Amino acid sequence: MNFQPGKDALKRSFDIVGKRTPRPDGLDKVTGKARFGADMTAPGMLWGLILRSPHAHAKIKKIDTSRAAAVNGVHAIVTAKDFGPCPDDVLDIRENVMAREKALYDGHAVAAVAATSRAAAKQALKLIEVDYQVLPHVTDVDEAMKASAPVINSKLFTKGLDKTPKKASNIAERFEFGHGDVEKGFKEADLVVEHTFKTEATHQGYIEPHACLASMGADGRGDIWCCTQGHFMVRNVCAGLLGMDASALRVTASEIGGGFGGKTTVFIEPVALALSLKANRPVKIVMSRSEVLRASGPTSSTSIDVKIGMKKDGTITAGDATLRYQGGAFPGSAVPYGAMAAFACYDLKNVRAIGYDVITNRPKQAAYRAPGAPMAAYAVESVVDELCKKLTLDPLDVRLKNCSTDGSKASYGPKFDVIGLKATLEAAKAHPHYKAKLGKNQGRGVACGFWFNFGGETSVSLTVNSDGTVGLSVGTPDIGGSRASIGNMAAEELGIPHDKVRCIIADTASLGYNDVTDGSRVTFASGLAAINAARDAIGKLCARAAGIWDIPVEAVTWEHGAARPSSPNAGKHKPMTLAEIAAQAGATGGPVAGHCEINAEGAGVSFATHMVDTEIDPDTGHVKILRYTVFQDAGKAIHPSYVEGQFQGGAVQGIGWALNEEYIYGKDGKLQNAGFLDYRIPVASDLPMIDAVIVEVPNPGHPYGVRGVGETSIVPPLAAISNSVSSAAGVRMTQLPMSPPSVLKALGRI
Amino acid sequence: MFQIHVSTSINGDDTEFSCEADETLLDVLRDRLGLTGSKEGCGTGDCGACSVIVDGRLVCSCLMLGAEAEGREIETIEGMAEGQKLHPLQQKFLDHAALQCGICTPGLLIAAKSLLERNDNPTEEEVRYWIAGNLCRCTGYDKIVRAIMDTAKDMRKQAKPTKAAARKKVKA
Amino acid sequence: MARVQVWGSLKPALEGADEITVDASSIREVLDHLAAHYPAMKVAIDRGVSISVDGRMYANAIMVPLQPDSEVFVLPKLVGG
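These protein sequences, in sequence, are chains X, H and Y. Every letter in the first sequence is one number past the one before it in my numbering, and letter 540, counting from 1, is 540. Every letter in the second sequence is one number past the one before it in my numbering, and letter 86, counting from 1, is 86. Every letter in the third sequence is one number past the one before it in my numbering, and letter 26, counting from 1, is 26.
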C-alpha cells in the first residue's frame, strides 16, 4: 500500500537513515573508474563538431557545405534542414539546437560535422561557408524592453496583458501574483524604502562539459549515452525532434559531472543523433568550455524594483516588486518563479509581484538551482535589511515577526502546510556566529530564502536476489550522492544492513518513466517510491512466509528484516529473514520484487536562513568572506553528510554569483569571457569553512519527513552577502556582482 | 598528418604510443590509452580536472603535449591506489564525503597527493592555496580541505613512532 | 465544493472574481469546469499549470481527490534546477 501523504504516520526512529554510511558509487569516483559523459567510446565512432554563429543576431541566407563534405574522413554534415516537423512543445528546442532562418546569439549552432578524427572535423568546419546578414542586436534586459529595441521575433506578442498588443516586441509575457492592497499597505507604513537592483547572467558552472555518444541504426533504433539530469526527458525530446517512437530510442545516463539545472534540457544530443543517422555510425560530441558558456543555458540577467513598507515596530505592511528577466533568445525565463518566491518568506496582508519575461540575443536560458529565486530574494532581502537598519531593528527579530508559518497564506497564493522557516531563524539567532565580534571594514548580513521543491513522475524497481541482497533501480540520475540516501531508505524499510542494497540508475528501456532530476526532488520522490517499492516487496515476502507456514497472510508481520507471526495465535514459527525467504523464492512462486510508479505528491517546501560576515579592503575593493553559516530545514536528513554538502555547495555558488561571476557582453553582442579564467568561479583559497546547521521540521508528505534540500541553499546567499557588504561599506549595494571595481565605485573611490 | 612515436612510463608501466604533434597529453591519456580518469573541464589549464604528476611535478595535462611525455614518468589517478589498497587520500575523501558529482575528484586527489609529498603538515591556508587550481562546483571545498588535512594528520602519525615505542626500542 | 483561486495575471480570466466555488471532487473536475466556463483559463491549462490543494503542490496530476472545502490554487507550471 503506497504511502498516503497527510494521512499515514511518519516514521520517527531509524536504524540506518540519518547515519553517515559510505557512498556506494564512491570507490569508482576516487579511482577514476566512474564513466562520465565523455568517457564512452564505440567501435567505428566518429567525432562531431558544431559550427557556431559569430554574430549575436543575423539572418542565415545560405549555408554551403560542399567543400567541407569533400574533406577526407567526413561522413556526415547536418543543418536545420535535417530537423523536420516536430511536436509544438519542442519547437523552441529544435531551433535552439540548430539555427533555422536566423542566428539568435553569439554561439548559436548553425551546422555540424561528423568525421573520423577531431582534426578532420575541425578542418571541415572551417570549410563550411555561411552567408550571414548581420542584424542589430540587444543583450540587456532593460534595453530589450524599450520600444526602440530591435525586435528579435516578429511573431512575439506579449501574453498576459489585458489586451494583446498589435506590435511585436521582445516582451514575451507578463505575470502577476499577490493579494490585498499594496497602496493601502504603504500608507500604513512608518517608513517605505524602494530600490532598483540589477544582476548579471551567470552559469551553473558544472566542471563537466556536455558530452554524448549517439548511435543510430539503419533500423531506425538508436542509443544515446550522455551526461544528463534526465535521460527519459532526453529520450522523449530527441525522439520528438527526430520523428522516432520513444521506444525506439534507449538513453543511458552516464555519471554526471554537475548539472544544477543546466543539464535538464538538450543541446548536442539531437545533433549527434542526426549526424549518426546520416553517417550510419556512432557519433561523439563533447562541448568545449567556451561552447558551454556561449551556447548552453546560463541563468537570466535581471532588473528588479522592490518597494516595502514597515512600521516602527517592525511589522511589514506591504511589499511590491517588479521583476524583469531576460531568458535569452526564447521565451521561458524563470521570472514567474522569481515573482512567486520573492516574498514567500513573509506572511503579508498586502503583496504584489509582477514579472516580465523578456527575450534578448543571448543563449536560451536553462534552470539554475531554484531558478529565478536567488535574484528575487536578493532584491527583497536587501530592502528589508535597509528598513531594519533605518528603523534600528534587529534583522532576525524583524524576520521572526513577519515570517511565514504553518497555515499562513503564501505570497503566491496557497496556504503553507507545516514549514520550518521560524526554526531556521531561531537557530540563527541562537548561534555563536551571531555574537562574533566584527572589526573595521567588516559587516554582517542575514537573509532568508525559499524553494518550492517538487514531486513528479517517478518509477522504481526493487528486486530481491536469492542470497537476500537487494537491487534497487531508479531512473533519476544521481547528481549529488542520492544513490546512498535512496538505498538507505530501502534498507531501513526492509530492515537489512545498508550494504546489502545496491542502488543503480537504470536506462530508459528498463524502467518506467521518470521526470528529470530537478526541483530537489530525488531524495524525496525516488526515496518515497523506493519506500513504497520496499513495502510492496515486503507484502510479497510476508505472503511467501504465510504460505510456507500455512497461515493466513494477515497473520504475518515484518519486523527487523524478517517475517514473523503477528501474534501467538498464529502459531509457533521461527522468524524467516529476507535471505531465508529469498532462498526459497523460486520454489514458492518465483522471484520476489517490488515496484512503484507514482506521480509523487506531498513535496515539502523548504526555507533557509544564511548568515555571513565579510571584510572589505577599501583600497582594492576586494571582499573577503570571514564566516558563513547556513541554517536550512531538511525535514529529515537521510544522509547528513550529503545534506551538508548541498548546503555548502549552494552557498558557495551564491558567493561566486554575489562577488565575481558575470557574463560580460561586448558592444558587438559577443560573450567576452567564455572560459574559466575570466568567468571566475570560487576557488578554495577564496573561502573559509562553510558551517552547515541542519534543521529538521518533518514534511508530513513523506514517510520519513524528507524535504528537498538541493536548491534552497542558493536562494539566500546573494542577499546575505550583499547585506553584509552594504553594512561593511556603509552604502547599499544594488548591483551584482560586487566585484572589486564595483565595490570601489560604490565607495566613491573610482 | 605525421605522427610522433613516444616512449614513456605511466603509473610505473612502460608505455608507447603515437600521437599528432598538437595532441595534448590529456588527449593521449583519454583517447589513445583509454585512461579516462583524468578529465577535460576547460582545455585551458584553468580547472585542474586534468591534473597529473610528471617527474614528480603537478601539471595540467591539457597544457602539455603528448609528445612531451617522452622519457618521463607520468602518474595519473588510475595509479594512485596500490592494487586494492586505496591511497589514504582516496579513503579520507570517501570518509569525509569530500565529493558529490566526482568529476573534479581525480584532479583534486592528484593535486593533494602532490602537496602531501612535499609538505606533510600544511596549514588550512596552505591547503587552500595549493588546491586553488582545482575547481569544484559541488562541494564548496569545505569537506575536501578537511579530508586533506585529516589525511596529513594520519600520515604524520604513522610516520612518527610513538614515544612509548621509541622507549621500548631504547630499552631493548 | 472546492474554493478555487488563480494567480494574479489570470484573475481577469475568472471575470473579476477573487475566488470561485466549484462543485468538484477531483483536480480534473476543477480543470474541466474552468476550461469550459472561462476560455482564457483553457489556454493556460493547455499550456500547463501546477495546482496547489490545501497547501500541497501537484504538477500534472488530475486524479487527486478534493475535500468538501478544499482550497485549490492554480499556478504556472513549476520548473526546477
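Hints listed in this document are in silico derivations from the structure and should not be mistaken for laboratory results. Check before you lean on any hint, since a few could be wrong.
[Stated by the list, open to error] Here are some chain Y residues pointing at chain X (derived, C-beta under 10 Å):
| # | residue |
| --- | --- |
| 1 | Leu10 |
| 2 | Arg28 |
| 3 | Glu71 |
The structure displayed is predicted, hence computed values, not measured ones. Think of the CB as a built atom: it goes at the ideal place given N, C-alpha and C, for glycine as much as any other residue.
Hints breached by this structure: Going through the list in order, the structure violates hint 2 alone and respects the others.
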